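Asker: Using the sequences plus the hints, can you model the full thing?
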Amino acid sequence: MRMTVTEVEYVARLARLELTPAEKELFAGQMGAILGYVEKLKELDTDGIMPTFHAVPMENSFREDVAFSSIGLEKALANAPDRAGSFFAVPKVIE
Amino acid sequence: MSIFDMTIHELHAALKGKHISSLEATSAMLARIEAVEPHVGSFIMVTAEQALAAAKEADLLIAQGKCDLLTGIPLALKDIFLTEGIRTTCGSRILHNFIPPYNATSWAKLRDQGAVLLGKLNQDEFAMGSSNESSAYGTTRNPWDTTYIPGGSSGGSAAAVAARQALATLGTDTGGSIRQPASHCGCVGLKPTYGRVSRYGVIAYASSLDQVGPLTRDVADCAAMLGGIAGHDPKDSTSVDTPVPDYYATLSQGVKGLRIGLPKEYFIDGLDPDVQKTMDAAIDTYRRLGAEFVDISLPHTDYAVATYYLIATAEASSNLARYDGVRFGHRAEAGGLLEMYTKSRSEGFGSEVKRRIMLGTYALSSGYYDAYYVKAQKVRTLIMNDFSAAFANVDVMLTPVAPTPAFKIGEKIDDPLQMYLSDIFTIPVNLAGTCAMSIPAGFSAVGLPIGLQLIGKPFDEETILRAGFAFEQATAWHTRKATI
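The listed protein sequences derive, respectively, from chains A and B.
The numbering of the first sequence is this note's numbering, which starts it at 1 and goes up by one.
The numbering of the second sequence is this note's numbering, which starts it at 1 and goes up by one.
Possibly wrong hints are sitting among the right ones.
As the list claims (entries may be wrong) - Just the calculated beta-carbon pair ranges, DEER-fashion: (1) Leu26(A) to Gly138(B): 19 to 25 Å; (2) Ser318(B) to Phe87(A): 22 to 28 Å; (3) Gly138(B) to Thr6(A): 53 to 59 Å.
Simulated from the structure, these hints should not be mistaken for lab results.
Here the structure is a predicted model, which means the values were calculated and not measured.
Glycine included, each C-beta is placed from N, C-alpha and C at the ideal position.
Answerer: If you want it as structure tokens, here you go:
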């Protein structure tokens, strides 16, 4: 099994990744091999089986509705590549 | 005995008896790190100054009579744990400049007990890998033979313990990332039950599978470390609010009458002969100690790797969407917002991470969601059912950790599927959400360590620790040291 380069490009766009032509070729082969391998799950009849999202069954986990302090503005912005006052700054959104 | 050869319980006794100070112990560890690090490459960053300061603080605590098991003990962390004010990269270029504003709960708990942080350990990028070769900060080498991989993704965590650069370390295990490197480096590594340890402040790979655990020289140290990090955390809603037992107290209760299951799917033809021999010898040891063996079956084992690589990559594609260059991490030069996202991610992520994001994105994409992602979650149910059915008849299971000892650096790097298949015996435990531990059980003909895996019932870490301790008392594998 092989993925086409067009399929690789489509998935890369969804994942916000830009691949080099060499990467596209490589991933087409490798992802094809992996997807070929996972085909084996089709051997199993899973009709009527509930999917597992989580290993430990849990209900919503609530805490008391009590305010507590957070890390604060300066700490939260300390890693920002760019900031404008108390905001994260980004390049223009509409091109 | 050199300080760096000590276990936690040995150093604890020496600290408590005031024979050694934490400052002396920490200095000895830093010297050891400096001496062997050029050969091993376990660390991404050594935090010498902070370590010495923390050691002095620990000595003050000890002088005041507060000497808990982990007070003053020099440890190191996989670089996936957030450490306030100390750069945390997760082995990725995209986080090359990230200074966390808070601590991971597991580290905060150790630090509150007076533990000393020696540094941040190398790992596969975003914990995606089985060999430590996907790190953006160089490949860690196996201390037993530096031409071999240490295993992954917590490869630095295992190599640092084996090379005696830290008394113990923390790692994370999503598909075997604590147990497989522990096996390959000859140390003890435990993956607790999902929910036993808080994941708060641990950089997420696959959130329904990730779990934090210790890597140590012996089982007693493993019990000490697990006791130090386990428990409910209000900041992680998936951490479970069940009492943490005193793991130390029940260690020496022995295995007489313990029912050990041998899942037939784990003892396949094609198992490496050295691994097979090691398992046979371990079974003999447990028989001598009075354990009973039961043949069991986990019929869906063969589907676990396929299930894992759909669920884990799907969760990863979602978790790693946060690396977009907006709030932290690498930001590429770009004219517009969309271009900035795409460029930042493409420059920041390595090949294996891109491949897994792509796979996960594909599995979740319109038209394939049911066929891949939902199907895998249904098979996960079948795998979990296998474990609950088998555990109705046995107390623990004994299996190999990996089908072979460590492989050579470079051997599988070009064939991701072969790399994935090396996790075949560890992945099912993550899917089932239960606990398992690797302990040293022998060596291959060329002198590489081989571990055995003890799998326990959910939240029954006590029994695998007890079984591991009994094995350790009856054998001397854990006392062998890598000559580095």
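Asker: Are the hints correct? Go through all of them and say.
Answerer: To see whether the hints hold, each was checked on the structure:
Distance hint check for Leu26(A) and Gly138(B): the Cβ-Cβ separation is about 22 Å, which falls inside the suggested range of 19 to 25 Å. For Ser318(B) paired with Phe87(A), a C-beta distance near 26 Å keeps the hint of 22 to 28 Å intact. Taken as a hint, the range 53 to 59 Å is violated for the pair Gly138(B) and Thr6(A), whose Cβ atoms sit roughly 36 Å apart.
Checked against the numbered hints given earlier, the structure breaks only hint 3 and satisfies all the rest.
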